[in-house]
Amino acid sequence: MAFREYHKFDALGLAQAIAKKKVSAREVMDEAIARAEALNPRLNAIVFKAYEDAQRAAQRKSQRGPFAGVPMLLKDMRANVKGWPNRSGSRYVPATPSAFESTLVTRCKDAGLIPFGKTNVPEFGILPTTECKLYGPAHNPWNLAHSPGGSSGGSAAAVAAGIVPIAHATDGGGSIRIPASACGLVGLKVSRGRITQGPGAADATGGLSVDGFVTRSVRDTAAALDATCAPDPGDPYFALPPDGSYLEGIKRKTKRLRIAVSTKMLNGTPHDAEVTAAVRKTAKLCASLGHEVEETDPTIDAGALVNAFSTVWCANVAFTLDSLAAQTGIKPSLDVVEGLTIGLYELGKRVGAAEFIAARQVMTTAGRKFAAWHEKYDVWLTATLGRPPMKLGTIDIDETDVQKGFLPNFGYVPFTSMQNCAGTPGINLPLNWSKEGLPLGVQFTARSGDEMTLLKLAAELEKAAPWAHRYDTIRI
Amino acid sequence: MAFSEYGSFDGLGLAALVAKKKIKPAELMDEAIARAEALNPKLNAIIFKDYERARQLAKGKLAKGVFAGVPFLLKDIAAFAQGLPSRQASRFIPAIRHPRDSYLVAKFKASGLLLFGVTNVPEFGLVASTESKLYGPARNPWNLAHSTGGSSGGSAAAVAAGIVPLAHANDGGGSIRIPAGACGLVGLKPSRGRLSHGPDFGAPLDGLANDLVVSRSVRDTAAALDAVRGFMPGDPFAEPPHPASYLKAIKTKPKRLRIAVTLKKLDGSPLHADCVAAVKSAAKACEKLGHIVEEAMPSLDQPSLMGAFTAFWGGGLSAGIDAISKLTRQTPSRELFEGLTWALYVAGKNVSASDYLQGKDLFNGASREMGRFHETYDVWITPTLGRPPEKNGVFDFDNTDLTKSFEPQIDYVPFTAMQNVTGQPAMNIPLYWNKDNLPIGTQFVAPFGDELTLLKLAAQLEKSNPWFDRYAKIKV
Numbered sequence: 001m002a003f004r005e006y007h008k009f010d011a012l013g014l015a016q017a018i019a020k021k022k023v024s025a026r027e028v029m030d031e032a033i034a035r036a037e038a039l040n041p042r043l044n045a046i047v048f049k050a051y052e053d054a055q056r057a058a059q060r061k062s063q064r065g066p067f068a069g070v071p072m073l074l075k076d077m078r079a080n081v082k083g084w085p086n087r088s089g090s091r092y093v094p095a096t097p098s099a100f101e102s103t104l105v106t107r108c109k110d111a112g113l114i115p116f117g118k119t120n121v122p123e124f125g126i127l128p129t130t131e132c133k134l135y136g137p138a139h140n141p142w143n144l145a146h147s148p149g150g151s152s153g154g155s156a157a158a159v160a161a162g163i164v165p166i167a168h169a170t171d172g173g174g175s176i177r178i179p180a181s182a183c184g185l186v187g188l189k190v191s192r193g194r195i196t197q198g199p200g201a202a203d204a205t206g207g208l209s210v211d212g213f214v215t216r217s218v219r220d221t222a223a224a225l226d227a228t229c230a231p232d233p234g235d236p237y238f239a240l241p242p243d244g245s246y247l248e249g250i251k252r253k254t255k256r257l258r259i260a261v262s263t264k265m266l267n268g269t270p271h272d273a274e275v276t277a278a279v280r281k282t283a284k285l286c287a288s289l290g291h292e293v294e295e296t297d298p299t300i301d302a303g304a305l306v307n308a309f310s311t312v313w314c315a316n317v318a319f320t321l322d323s324l325a326a327q328t329g330i331k332p333s334l335d336v337v338e339g340l341t342i343g344l345y346e347l348g349k350r351v352g353a354a355e356f357i358a359a360r361q362v363m364t365t366a367g368r369k370f371a372a373w374h375e376k377y378d379v380w381l382t383a384t385l386g387r388p389p390m391k392l393g394t395i396d397i398d399e400t401d402v403q404k405g406f407l408p409n410f411g412y413v414p415f416t417s418m419q420n421c422a423g424t425p426g427i428n429l430p431l432n433w434s435k436e437g438l439p440l441g442v443q444f445t446a447r448s449g450d451e452m453t454l455l456k457l458a459a460e461l462e463k464a465a466p467w468a469h470r471y472d473t474i475r476i
Numbered sequence: 477m478a479f480s481e482y483g484s485f486d487g488l489g490l491a492a493l494v495a496k497k498k499i500k501p502a503e504l505m506d507e508a509i510a511r512a513e514a515l516n517p518k519l520n521a522i523i524f525k526d527y528e529r530a531r532q533l534a535k536g537k538l539a540k541g542v543f544a545g546v547p548f549l550l551k552d553i554a555a556f557a558q559g560l561p562s563r564q565a566s567r568f569i570p571a572i573r574h575p576r577d578s579y580l581v582a583k584f585k586a587s588g589l590l591l592f593g594v595t596n597v598p599e600f601g602l603v604a605s606t607e608s609k610l611y612g613p614a615r616n617p618w619n620l621a622h623s624t625g626g627s628s629g630g631s632a633a634a635v636a637a638g639i640v641p642l643a644h645a646n647d648g649g650g651s652i653r654i655p656a657g658a659c660g661l662v663g664l665k666p667s668r669g670r671l672s673h674g675p676d677f678g679a680p681l682d683g684l685a686n687d688l689v690v691s692r693s694v695r696d697t698a699a700a701l702d703a704v705r706g707f708m709p710g711d712p713f714a715e716p717p718h719p720a721s722y723l724k725a726i727k728t729k730p731k732r733l734r735i736a737v738t739l740k741k742l743d744g745s746p747l748h749a750d751c752v753a754a755v756k757s758a759a760k761a762c763e764k765l766g767h768i769v770e771e772a773m774p775s776l777d778q779p780s781l782m783g784a785f786t787a788f789w790g791g792g793l794s795a796g797i798d799a800i801s802k803l804t805r806q807t808p809s810r811e812l813f814e815g816l817t818w819a820l821y822v823a824g825k826n827v828s829a830s831d832y833l834q835g836k837d838l839f840n841g842a843s844r845e846m847g848r849f850h851e852t853y854d855v856w857i858t859p860t861l862g863r864p865p866e867k868n869g870v871f872d873f874d875n876t877d878l879t880k881s882f883e884p885q886i887d888y889v890p891f892t893a894m895q896n897v898t899g900q901p902a903m904n905i906p907l908y909w910n911k912d913n914l915p916i917g918t919q920f921v922a923p924f925g926d927e928l929t930l931l932k933l934a935a936q937l938e939k940s941n942p943w944f945d946r947y948a949k950i951k952v
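Protein sequence lines correspond, in order, to chains A and B. According to this note's numbering, the first sequence is numbered sequentially starting from 1. According to this note's numbering, the second sequence is numbered sequentially starting from 477.
Check each hint, because a few of them may be wrong.
[As the list claims (entries may be wrong)] According to the in silico footprint, chain A covers these stretches of chain B (three or more CB under 8 Å from chain A):
(1) 535-545
(2) 831-844
[Unchecked claim] List time: in silico DSSO-like cross-link candidates among lysine-lysine, alpha-carbon distance up to 30 Å:
(3) B:K911 / B:K949
(4) B:K825 / A:K331
(5) B:K609 / A:K349
(6) A:K349 / B:K537
(7) A:K369 / A:K255
(8) B:K951 / B:K939
(9) B:K498 / B:K939
(10) B:K760 / B:K802
(11) A:K22 / A:K369
(12) B:K540 / A:K376
(13) A:K369 / B:K911
(14) A:K369 / B:K802
(15) B:K609 / B:K802
(16) A:K376 / B:K585
(17) B:K537 / B:K802
It should be emphasised that the hints constitute simulated quantities derived from the structure, not laboratory data. Idealized CB from N, CA, C, for every residue including glycine.
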């Protein structure tokens with residue numbers, strides 16, 4: 001039996017329908033798979049399918065956890081499942097089955113989620129779009145000519161299109177928030193250390209990258225965080241412990257927040273006019289809810305921070321490819337990796353440990369400045385993307401000149417990497433749409449460890465300016 | 477007025493006398509200074525004196541902390557205090573007085589500790605003995621021909637000799653635990669993130685290093701941890717969970733613990749008989765207390781971990797020296813450094829960021845292994861040093877051949893670096909003295925974030941196997 005209402009539910013809603021036996025977990029899974037089969041040829045969101053495993057899991061009698069029986073998808077990065085390949089969108093990564101399961105995946109399963117596939121990414125998750133040679137581009141459900149953002153673009157496209165209500169995502173420079181913005185979703189980048197990356201990784205991308213989810217509802221993000229945020233004994237460090245359950249927390253009213261809003265880039269460059277208008281509109285909405293909103297920018301040396309970020313980023317590309325070279329016996333070249341990746345690799349190979357450490361020190365200094373600034377402001381509101389979601393093909397992944405290749409990114413992702421540098425949380429909320437009907441996300445960021453404030457504010461805004469009905473308008 | 481019983485009190489004991497007005501802080505300070513003046517010519521523990529300011533401070537209004545009025549010394553590394561130099565025993569670092577207190581020093585001061593000097597270290601704290609060209613060697617109060625251990629050797633000598641009841645120390649490879657082992661003291665390296673290294677640093681040595689004290693009593697270490705622990709805004713990652721007060725918590729004995737003891741080196745080769753005897757006696761003491769003790773060892777690939785560890789230290793050292801070089805406009809050259817330092821600097825310059833990240837990957841493997849190991853064992857006991865404290869002059873620190881200057885230490889301190897790699901808490905407890913009356917330290921290791929178990933067990937052992945009376949027998 002098909003479950004036609006499937007896509008109208010968020011993950012907790014589906015779990016509830018299953019718990020109340022309005023529908024079985026197997027029926028829900030079959031519907032998810034049917035939607036995947038119907039939509040994926042146009043979206044290219046899913047790049048690995050494990051339907052039978054998932055159907056078997058959905059058939060089990062005892063479905064437990066807050067998400068019991070809910071289908072989910074995992075990004076083709078980090079979230080390892082025993083027996084599934086994990087290729088990070090790269091031809092260079094062999095399609096060998098993973099020998100272990102990531103602790104995060106185990107926790108998702110323990111929470112009742114049932115993964116049934118892996119989602120599309122750009123090569124090694126490097127880009128703010130999801131285009132790679134291995135899989136080809138993922139498409140934005142709101143307009144197939146446009147990019148779903150990146151690097152968690154496959155996950156975001158699948159959630160926006162209603163294939164799943166929740167999908168795994170990772171964020172080393174904005175890769176949760178950017179696709180959440182482009183696809184009109186909730187995307188929380190957690191504080192450094194909040195979600196374990198073990199056993200395969202820790203402090204990923206030199207401490208820049210975290211794991212998380214993209215969802216349609218705020219409560220799904222809150223519940224998923226509750227289910228996955230416990231520290232693992234083998235982690236290199238922990239995040240500040242949460243002040244109770246996030247799902248419970250968002251039911252409580254938020255205090256009056258002091259919200260700083262930036263309506264342009266920190267170097268003064270303006271955003272696209274529609275984006276600026278969206279940020280202003282959201283600022284007004286916050287003010288109307290009783291928050292104290294002030295248009296002001298933090299005094300951060302954004303240029304130095306971007307350089308430090310690039311140093312750490314390139315060094316990580318070098319580390320990744322060097323590791324693969326050792327593993328496969330094949331030297332990195334244009335035969336096995338994309339042009340932009342090779343360009344970054346060559347830059348990364350020139351980075352010494354001392355330079356890397358100095359770059360991290362620049363990040364620490366910026367982190368201290370952000371923290372001092374946050375003594376005055378609880379939350380910082382910015383655009384997530386400086387322009388509406390770009391069209392596919394805008395970035396030339398074959399370009400080996402990094403300067404040239406990354407040109408389309410300037411002004412496109414003006415803020416997101418700062419939270420990766422500082423280790424602070426940031427959330428994209430789908431509060432605005434362009435005249436063409438494309439989502440224009442806004443980002444709220446907070447103090448390190450303070451996901452609770454972001455989620456409470458998000459829940460308040462979701463109530464004041466709901467967006468769930470908009471997903472019904474998607475026609476793929 | 478001389479206060480002859482000064483040496484029979486720990487820090488909290490002295491603070492209690494002050495609180496009860498049995499003695500004035502100025503008298504305590506006079507006594508500490510008198511002892512320093514009498515003993516330091518033999519010990520060379522203190523390398524910078526700040527007596528006049530300290531006497532003034534002792535006469536003034538005291539901070540209201542647990543250590544109010546207790547004389548204190550800072551290590552010459554990474555503890556920036558207003559008006560004091562911090563030279564890391566390096567001729568390359570000018571004796572500039574720092575303009576402000578680091579968070580750690582401010583917290584020490586807020587606990588009522590009164591600084592009156594800076595203690596001896598080896599150059600940049602790189603080695604397991606406290607011998608430098610700038611300051612000359614510190615000497616072990618138990619036998620002046622012997623090394624104090626390092627790098628917090630000056631602090632350890634001053635505490636063992638009764639100049640101060642506790643002193644600042646830090647540990648990037650064992651530098652709290654090794655001198656505590658060699659001088660018969662309590663020395664706890666806290667978990668990564670337990671305290672802040674701000675505002676100047678984020679995670680020193682990329683999270684390998686941490687600060688606290690060496691002390692004579694367990695409760696002094698517990699109280700010091702209470703005083704300085706805690707996340708500060710802008711820290712790169714957060715503090716693991718903690719009790720409201722370690723000092724209060726250690727009054728309750730630990731649950732029945734499952735304890736692993738190791739009587740061999742990590743590669744299975746034999747340890748010095750004195751170290752085996754020390755661990756066996758610690759194991760016996762634990763068993764007597766009702767704990768379950770068995771011989772077991774985690775599987776850590778020490779050679780590859782130490783390779784990565786050395787690359788980390790080299791990279792960190794080269795970043796540090798280059799930063800100082802920029803500030804002071806000096807060019808680093810061989811004659812400005814000791815041989816080992818220079819060689820490690822040069823080696824560090826050649827470490828690529830990619831190799832450095834490869835090292836981090838290895839560290840993650842070790843952390844995960846320890847996470848698994850601690851699923852079975854609450855505590856892991858090892859010797860702190862691989863043999864009894866060496867004599868000064870045994871190591872050739874001026875040799876630029878690292879196989880002759882740096883590497884011999886790995887065999888001397890075969891365990892301590894592992895906890896810097898994993899970020900776990902680890903503690904030297906002074907439970908054994910060999911027939912030459914030299915302390916043979918025992919190291920206790922707990923899961924990440926679990927200082928409490930270590931402190932509770934230490935307090936229990938301090939009661940069952942007290943060591944405090946031994947200090948009275950020291951004749952310097």
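Item to check | Pair hint A:K22 and A:K369, alpha-carbon separation not exceeding 30 Å | outcome: Distance ~52 Å between A:K22 and A:K369 Cα, so the pair is violated.
Next on the checklist: Between the alpha carbons of A:K369 and B:K802, is the straight-line distance 30 Å or under?
Outcome noted: holds (22 Å)
Next on the checklist: What's the verdict on A:K376 and B:K585, does the C-alpha distance respect the 30 Å limit or exceed it?
Outcome noted: Within the cut-off at roughly 27 Å; holds.
Checklist entry - Under the criterion that the straight-line Cα-Cα distance not exceed 30 Å, is the pair A:K349, B:K537 satisfied? => result violated (56 Å)
Next on the checklist: Between the alpha carbons of B:K498 and B:K939, is the straight-line distance 30 Å or under?
Outcome noted: Satisfied, since the Cα-Cα distance of roughly 26 Å is no more than 30 Å.
Checklist entry - If you draw a straight line from the CA of B:K825 to the CA of A:K331, is it 30 Å or shorter? => result holds (25 Å)
Checklist entry - Quick one, are B:K537 and B:K802 close enough, alpha carbons at most 30 Å? => result Outside the cut-off at roughly 40 Å; violated.
Item to check | Outcome, coverage hint (the stretch 535-545 of chain B, chain A; C-beta under 8 Å; three residues) | outcome: violated (count 0)
Next on the checklist: Please verify whether B:K540 and A:K376 have alpha carbons no more than 30 Å apart.
Outcome noted: Status holds; Cα separation ~28 Å.
Checklist entry - Holds or violated: A:K369 with B:K911, Cα cutoff 30 Å? => result violated (55 Å)
Item to check | Pairwise hint evaluation, A:K255 against A:K369, where the allowed Cα distance is 30 Å at most | outcome: Answer holds: A:K369 to A:K255 is near 24 Å, not above 30 Å.
Next on the checklist: B:K609 and A:K349 were given as a pair; does the straight-line alpha-carbon distance stay at or below 30 Å?
Outcome noted: With a Cα-Cα distance of about 37 Å, the restraint between B:K609 and A:K349 is violated, given a limit of 30 Å.
Violated hints, in rising order: 1, 5, 6, 10, 11, 13 and 17; the structure is consistent with all others.
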